[in-house]
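Enquirer: Mind docking chain B on chain A? Use the hints.
There are 2 protein chains.
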Amino acid sequence: MRFSRFVAFGKNFCCLSAAVTVSKFDRLYAFRLLHQNCRLWRAVVSSTSLPVLLAAALPLKFMAPPITDAEQLLDNPDMKAKMELLILRIQKEFCESLEAEETSGKKFSIDRWRRQNEEEGGGITCVLEGGEVLERAGVNITVMRAPLSPKLQESMRARGKTLPADKNFEFFAAGVSSVIHPRNPHVPTMHFNFRYFEVQDQHGQNKHSWFGGGADLTPYYLNTQDVVQFHAALKSACDKHGPDKYPLFKRSCDEYFLNAARGERRGVGGIFFDDMESPNPDSDFNFVRDCADAIIPSYLPIVRRRKHEAFTAEQREWQLLRRGRYVEFNLVYDRGTKFGFATPGARIESVLVSLPLTAKWLYKHDPQPGSPEYTLTDVLKNPRDWV
Amino acid sequence: MRFSRFVAFGKNFCCLSAAVTVSKFDRLYAFRLLHQNCRLWRAVVSSTSLPVLLAAALPLKFMAPPITDAEQLLDNPDMKAKMELLILRIQKEFCESLEAEETSGKKFSIDRWRRQNEEEGGGITCVLEGGEVLERAGVNITVMRAPLSPKLQESMRARGKTLPADKNFEFFAAGVSSVIHPRNPHVPTMHFNFRYFEVQDQHGQNKHSWFGGGADLTPYYLNTQDVVQFHAALKSACDKHGPDKYPLFKRSCDEYFLNAARGERRGVGGIFFDDMESPNPDSDFNFVRDCADAIIPSYLPIVRRRKHEAFTAEQREWQLLRRGRYVEFNLVYDRGTKFGFATPGARIESVLVSLPLTAKWLYKHDPQPGSPEYTLTDVLKNPRDWV
Numbered sequence: 001m002r003f004s005r006f007v008a009f010g011k012n013f014c015c016l017s018a019a020v021t022v023s024k025f026d027r028l029y030a031f032r033l034l035h036q037n038c039r040l041w042r043a044v045v046s047s048t049s050l051p052v053l054l055a056a057a058l059p060l061k062f063m064a065p066p067i068t069d070a071e072q073l074l075d076n077p078d079m080k081a082k083m084e085l086l087i088l089r090i091q092k093e094f095c096e097s098l099e100a101e102e103t104s105g106k107k108f109s110i111d112r113w114r115r116q117n118e119e120e121g122g123g124i125t126c127v128l129e130g131g132e133v134l135e136r137a138g139v140n141i142t143v144m145r146a147p148l149s150p151k152l153q154e155s156m157r158a159r160g161k162t163l164p165a166d167k168n169f170e171f172f173a174a175g176v177s178s179v180i181h182p183r184n185p186h187v188p189t190m191h192f193n194f195r196y197f198e199v200q201d202q203h204g205q206n207k208h209s210w211f212g213g214g215a216d217l218t219p220y221y222l223n224t225q226d227v228v229q230f231h232a233a234l235k236s237a238c239d240k241h242g243p244d245k246y247p248l249f250k251r252s253c254d255e256y257f258l259n260a261a262r263g264e265r266r267g268v269g270g271i272f273f274d275d276m277e278s279p280n281p282d283s284d285f286n287f288v289r290d291c292a293d294a295i296i297p298s299y300l301p302i303v304r305r306r307k308h309e310a311f312t313a314e315q316r317e318w319q320l321l322r323r324g325r326y327v328e329f330n331l332v333y334d335r336g337t338k339f340g341f342a343t344p345g346a347r348i349e350s351v352l353v354s355l356p357l358t359a360k361w362l363y364k365h366d367p368q369p370g371s372p373e374y375t376l377t378d379v380l381k382n383p384r385d386w387v
Numbered sequence: 001m002r003f004s005r006f007v008a009f010g011k012n013f014c015c016l017s018a019a020v021t022v023s024k025f026d027r028l029y030a031f032r033l034l035h036q037n038c039r040l041w042r043a044v045v046s047s048t049s050l051p052v053l054l055a056a057a058l059p060l061k062f063m064a065p066p067i068t069d070a071e072q073l074l075d076n077p078d079m080k081a082k083m084e085l086l087i088l089r090i091q092k093e094f095c096e097s098l099e100a101e102e103t104s105g106k107k108f109s110i111d112r113w114r115r116q117n118e119e120e121g122g123g124i125t126c127v128l129e130g131g132e133v134l135e136r137a138g139v140n141i142t143v144m145r146a147p148l149s150p151k152l153q154e155s156m157r158a159r160g161k162t163l164p165a166d167k168n169f170e171f172f173a174a175g176v177s178s179v180i181h182p183r184n185p186h187v188p189t190m191h192f193n194f195r196y197f198e199v200q201d202q203h204g205q206n207k208h209s210w211f212g213g214g215a216d217l218t219p220y221y222l223n224t225q226d227v228v229q230f231h232a233a234l235k236s237a238c239d240k241h242g243p244d245k246y247p248l249f250k251r252s253c254d255e256y257f258l259n260a261a262r263g264e265r266r267g268v269g270g271i272f273f274d275d276m277e278s279p280n281p282d283s284d285f286n287f288v289r290d291c292a293d294a295i296i297p298s299y300l301p302i303v304r305r306r307k308h309e310a311f312t313a314e315q316r317e318w319q320l321l322r323r324g325r326y327v328e329f330n331l332v333y334d335r336g337t338k339f340g341f342a343t344p345g346a347r348i349e350s351v352l353v354s355l356p357l358t359a360k361w362l363y364k365h366d367p368q369p370g371s372p373e374y375t376l377t378d379v380l381k382n383p384r385d386w387v
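Residue numbers (full-length UniProt numbering), protein chains in the order written: chain A, 1 to 387; chain B, 1 to 387.
Be careful, since some hints might not be right.
Chain copies aren't distinguished; within one or between two, either way the pair holds.
Simulated pairs of lysine-lysine, DSSO-like, Cα-Cα distance not exceeding 30 Å [to be verified]: (1) Lys80 / Lys245; (2) Lys161 / Lys151; (3) Lys364 / Lys61; (4) Lys167 / Lys364; (5) Lys207 / Lys107; (6) Lys381 / Lys82; (7) Lys338 / Lys151; (8) Lys240 / Lys161; (9) Lys307 / Lys106; (10) Lys80 / Lys364; (11) Lys381 / Lys106; (12) Lys151 / Lys167; (13) Lys161 / Lys338; (14) Lys167 / Lys307; (15) Lys92 / Lys106; (16) Lys240 / Lys92; (17) Lys338 / Lys381.
Keep in mind the hints are simulated off the structure, nothing from the lab.
Looking at chain A on its own, in the form it has when it is part of the complex (with noise of 0.2 Å):
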């Protein structure tokens, strides 16, 4: 289902028997507008109760509608619900952060979708594509629920999941997933994303639970200012959790982000977590909340900064060449894109939103020592310390 935002449906549009006779997304929508325009809103409010009127204005806060029924995420102290709430926000936030950046003019498209099977949920994955300063950008939420297939039990034990062979399980992931992919090769890809698992047997008992996400950066020309501060952001919210945190996230995240074939990493790095999975799920999310609300300050000085920055032809097909390494890391490497193809029914236009809109490949170019071109590739064989 596509929807476009409550601007698209006329300012003037606000009449109170839509919110009343159609069904429920259309009615929360139906309230939606009439918060924004109607005069009868007061009228509403003195005709409804307090938790639909809650539910109805939800939607209001986000890029639509939350996957999960909107009154059931209202106070609930659930951490299935909790997460729900935290990546529709964060979604909305960076969404409009990147639209105010977008000299075009061009807005996301919103496009709520839900699996074949309603009720095992879906998504809500926005897109900017072919802007002056975004040439793909995606900010994707997904809420799921569904069986287990066999072989993603596999990668589970692998990593070190008690999960006995000889029965069913069922997950719930509920995760934010961005990455933006800029036209100008001197403002860097970013990638970003936070996800929530819980893994049931099939009387309903919860065998584990976990976060797992992180950020990272991808320049195609090293700006240490940029990198320095983006990496500043993501240890400032670490930090707030103990000092251990950054020093460990951002090495996990020089071992995961590596294209083991070439032997470079993808970018200059960020941090990286999984399976993490403490007594106190509680100060987890917190934690994840903190890094999630580092992503605009880390990122979006970067992009004010280089947006208008000249670029010459060779620099983009620099950058073309580099997005090629960039689809290598996510189809052979990146475990999300594994975790989407081995999902069955997974909505593979989602999962790949992460791809580029154009990559190349040359056979065997290798830039010139001394060169910029030279000096980034050799900071993806090294990492370093930035902060």
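Expert: Here is chain B on its own, set in the frame of chain A:
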């Protein structure tokens, strides 16, 4: 090591002393020059033994000197030698046929390389990039012998090979592999690959030896005439070896070249076979040779017929989007690419010559029902019998 063909040396270079004083491969090249140009040829013939002369003449027939010592290949009934001579010949013939179609005058660059441990063998990678007809064409051979990594052992066991878990194994592989990405969207992309494997235990005993290979066509627009011709050429090669071969391997091809997450094939198929390990290896070899010899008549007439057809910017755009799918298949599913990424010390640039020069992704690009683009996607989802 990079070899230019003898033409680059100039027609007048014919110094006999070079042939007797320089290293082995250089000597072979010197003989080649002599063969072409030199009035001293008779003097060489009269002063050298026949086997040495034959070995020296061998590289003249190929893109570069063989990977295995040329003298060891001559009149050697061992399957490894027979296969290396076959793939050297196929590479040469196919490269020259393609060069004859390339209107820009560009020729294949020839990159003869060895593995880091030179005793493990190497390959000859022939690449033509940025031509008028051939946007990116790669025709590679590899001849290697190396320890079989645990990961590769695992994947062979999964395909039914009996390899005891507590032993070390070594493998030999010789193969030719080619992907041709033409510039004109009316000329289909074509791939073929023929390979021979041996796995030995640490006592040098052969545990298994088998052939694999195939050829498939990936059009951007469906021209039934082309597809029928392609399949017919492969079928007549197969039919020499029994009426069961083509139907079986045609079906295997449709099954193998499946982008499962998309529910669509990479193209309109062809033939695919693997683990061909009959009691009579010579008959298997003859089958492979006949299929390999069918490549030029299956594909080159299509290139010739379509290369000058006019195309629009929209058709080019569609071609790039389909090339994105080609990249997806090769990086996510293709067994050869996976083998490359899983082989320690693999030469990734040669593995990835299969990728197009440029590829593109757009979110949910669905062609209009009834359009030529839609006709293609329909046949990718529902494979047909062509001959």
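Enquirer: Compare the structure with each hint and give your call.
Expert: Against the structure, the hints come out as follows:
no. : hint            : verdict
1   : Lys80 / Lys245  : within (24 Å within a copy, 54 Å between copies)
2   : Lys161 / Lys151 : both (14 Å within a copy, 22 Å between copies)
3   : Lys364 / Lys61  : between (49 Å within a copy, 26 Å between copies)
4   : Lys167 / Lys364 : neither (49 Å within a copy, 37 Å between copies)
5   : Lys207 / Lys107 : neither (41 Å within a copy, 61 Å between copies)
6   : Lys381 / Lys82  : neither (39 Å within a copy, 41 Å between copies)
7   : Lys338 / Lys151 : both (11 Å within a copy, 17 Å between copies)
8   : Lys240 / Lys161 : within (28 Å within a copy, 54 Å between copies)
9   : Lys307 / Lys106 : within (16 Å within a copy, 38 Å between copies)
10  : Lys80 / Lys364  : between (47 Å within a copy, 29 Å between copies)
11  : Lys381 / Lys106 : neither (37 Å within a copy, 34 Å between copies)
12  : Lys151 / Lys167 : both (14 Å within a copy, 27 Å between copies)
13  : Lys161 / Lys338 : both (18 Å within a copy, 26 Å between copies)
14  : Lys167 / Lys307 : neither (53 Å within a copy, 57 Å between copies)
15  : Lys92 / Lys106  : within (16 Å within a copy, 51 Å between copies)
16  : Lys240 / Lys92  : within (24 Å within a copy, 64 Å between copies)
17  : Lys338 / Lys381 : both (24 Å within a copy, 22 Å between copies)
Hints 4, 5, 6, 11, 14, counting from the list given before, are not met by this structure.
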